[in-house]
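Could you build all of it, start to finish, from the sequences and the hints given here?
Using UniProt numbering, the final residue of the sequence shown is 362, and nothing's skipped along the way.
Among the clues, some could well be false.
Unchecked claim - Here are the computed distance ranges between Cβ atoms for each label pair:
1) Q325 <-> E50: 38 to 44 Å
2) D55 <-> K114: 20 to 26 Å
3) G297 <-> G122: 55 to 61 Å
4) K116 <-> N230: 42 to 48 Å
5) S121 <-> E50: 19 to 25 Å
6) G82 <-> G297: 54 to 60 Å
7) R6 <-> E348: 17 to 23 Å
Stated by the list, open to error - Below, computed lysine to aspartate or glutamate pairings styled on EDC-like, alpha-carbon distance capped at 20 Å:
8) K15 <-> E124
9) K216 <-> E348
10) K13 <-> E50
11) K216 <-> D354
12) K116 <-> E136
13) K15 <-> D55
14) K303 <-> E260
15) K147 <-> E70
16) K216 <-> E336
17) K114 <-> E78
18) K263 <-> D284
19) K13 <-> D55
20) K349 <-> E336
21) K13 <-> E344
22) K13 <-> D284
23) K13 <-> E124
24) K116 <-> E4
Everything labelled a hint here was simulated from the structure, so no lab data went into it.
Don't be surprised by glycine CBs; every beta carbon is placed ideally from N, CA and C.
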Amino acid sequence: MAQEVRGVVSLEKGKPVSVETIVVPDPGPGEAVVQIQACGVCHTDLHYREGGINDEFPFLLGHEAAGVVESVGEGVTEVAPGDFVILNWRAVCGECRACRKGKPWYCFNTHNAKQKMTLTSGQELSPALGIGAFVEKTLVAAGQCTKVNPAVTPQVAGLLGCGVMAGIGAAINTGGVGRGDSIAVIGCGGVGDAAIAGATLAGATTIIAVDTDDRKLEWAKGFGATHTVNARSTDAVEAIKEATDGFGADVVVDAVGRPETWKQAFFARDLAGTVVLVGVPTPDLKAPEIPLIEYFGRGGSLKSSWYGDCLPSRDFPMLVDLHLQGRLPLDKFVSEEIGLDDIETAFEKMHHGDVLRSVVVL
Numbered sequence: 001m002a003q004e005v006r007g008v009v010s011l012e013k014g015k016p017v018s019v020e021t022i023v024v025p026d027p028g029p030g031e032a033v034v035q036i037q038a039c040g041v042c043h044t045d046l047h048y049r050e051g052g053i054n055d056e057f058p059f060l061l062g063h064e065a066a067g068v069v070e071s072v073g074e075g076v077t078e079v080a081p082g083d084f085v086i087l088n089w090r091a092v093c094g095e096c097r098a099c100r101k102g103k104p105w106y107c108f109n110t111h112n113a114k115q116k117m118t119l120t121s122g123q124e125l126s127p128a129l130g131i132g133a134f135v136e137k138t139l140v141a142a143g144q145c146t147k148v149n150p151a152v153t154p155q156v157a158g159l160l161g162c163g164v165m166a167g168i169g170a171a172i173n174t175g176g177v178g179r180g181d182s183i184a185v186i187g188c189g190g191v192g193d194a195a196i197a198g199a200t201l202a203g204a205t206t207i208i209a210v211d212t213d214d215r216k217l218e219w220a221k222g223f224g225a226t227h228t229v230n231a232r233s234t235d236a237v238e239a240i241k242e243a244t245d246g247f248g249a250d251v252v253v254d255a256v257g258r259p260e261t262w263k264q265a266f267f268a269r270d271l272a273g274t275v276v277l278v279g280v281p282t283p284d285l286k287a288p289e290i291p292l293i294e295y296f297g298r299g300g301s302l303k304s305s306w307y308g309d310c311l312p313s314r315d316f317p318m319l320v321d322l323h324l325q326g327r328l329p330l331d332k333f334v335s336e337e338i339g340l341d342d343i344e345t346a347f348e349k350m351h352h353g354d355v356l357r358s359v360v361v362l
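What follows is the structure, encoded as structure tokens:
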């Protein structure tokens, strides 16, 4: 039968969130109920609250989560009750044209639970990124559950569900960073620092962190940055070229997603280099005007990174194992542990750049 649990809801655009009673139905075919153990506070949750994603209020916020499968619906074989899982927001369908081409990380038909969680009034909730995990228990499609080694702490594991995976994947999967390469990362929040950590894992030898906040640049060093550039006082493009023998970086990751930073990334790469856009632009932003001859003359690739072009079933277990081996410092992303009642304060800290990630522990 349906359960009632506590969860964080955004009822109106721009208004403070509130803790409400959430009704979670029993899982139907292809669905699972997961008891949430930890969930990171991501900028995307704030975008939902501010109406920057869509206007389908009320939203059940939270999506960077890990927990234990409590129950599953008919036909579910990939996970079972008791499994420790990370939740993902791109459950692969296995049938669309991308999946049939052997590129399931591009799946064009990802899916979520078909049933809706509700308030006690019966009003349906829109779960953030199809997950909704600032809650004691949530309902998701079973394909959104990726089983990983339970030796990892939930506070760390959940971060792979969004921002950290997006950053690592932007460097390795989308950017193709490899041994001996150079990479510049513009924007050193959680996603940018994850890109730096990914480049370190991949064997990049020149890793340039760019931000306007010296605190964040210092944090970036802890993830492997070999050079730091404060773009508030230094020409970032020239500094990146100086650090790469005047050529520019092999890969430049824009983890901000603004016209100014994208333009910096474009001109800071080497000939035939790659630009990766992983920072999410707001709908009103336009691409900067750049002469078409610059695109032709510089060659290379301009790419967008969807969720780090990850395949959760492949990447989540691997990255957890690398962390447990001491090769990926996921714990450094956790700035503080908080409760469900502390989300608004966490949003404020995130807005001011005081944390990499606040993590809700349930």
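Tested hints:
no., hint, verdict
1, Q325 <-> E50: 38 to 44 Å, "holds (39 Å)"
2, D55 <-> K114: 20 to 26 Å, "holds (22 Å)"
3, G297 <-> G122: 55 to 61 Å, "holds (60 Å)"
4, K116 <-> N230: 42 to 48 Å, "holds (47 Å)"
5, S121 <-> E50: 19 to 25 Å, "holds (24 Å)"
6, G82 <-> G297: 54 to 60 Å, "holds (58 Å)"
7, R6 <-> E348: 17 to 23 Å, "holds (21 Å)"
8, K15 <-> E124, "holds (19 Å)"
9, K216 <-> E348, "holds (17 Å)"
10, K13 <-> E50, "holds (5 Å)"
11, K216 <-> D354, "holds (9 Å)"
12, K116 <-> E136, "holds (16 Å)"
13, K15 <-> D55, "holds (13 Å)"
14, K303 <-> E260, "holds (17 Å)"
15, K147 <-> E70, "holds (13 Å)"
16, K216 <-> E336, "holds (16 Å)"
17, K114 <-> E78, "holds (18 Å)"
18, K263 <-> D284, "holds (17 Å)"
19, K13 <-> D55, "holds (8 Å)"
20, K349 <-> E336, "holds (11 Å)"
21, K13 <-> E344, "holds (14 Å)"
22, K13 <-> D284, "holds (18 Å)"
23, K13 <-> E124, "holds (16 Å)"
24, K116 <-> E4, "holds (13 Å)"
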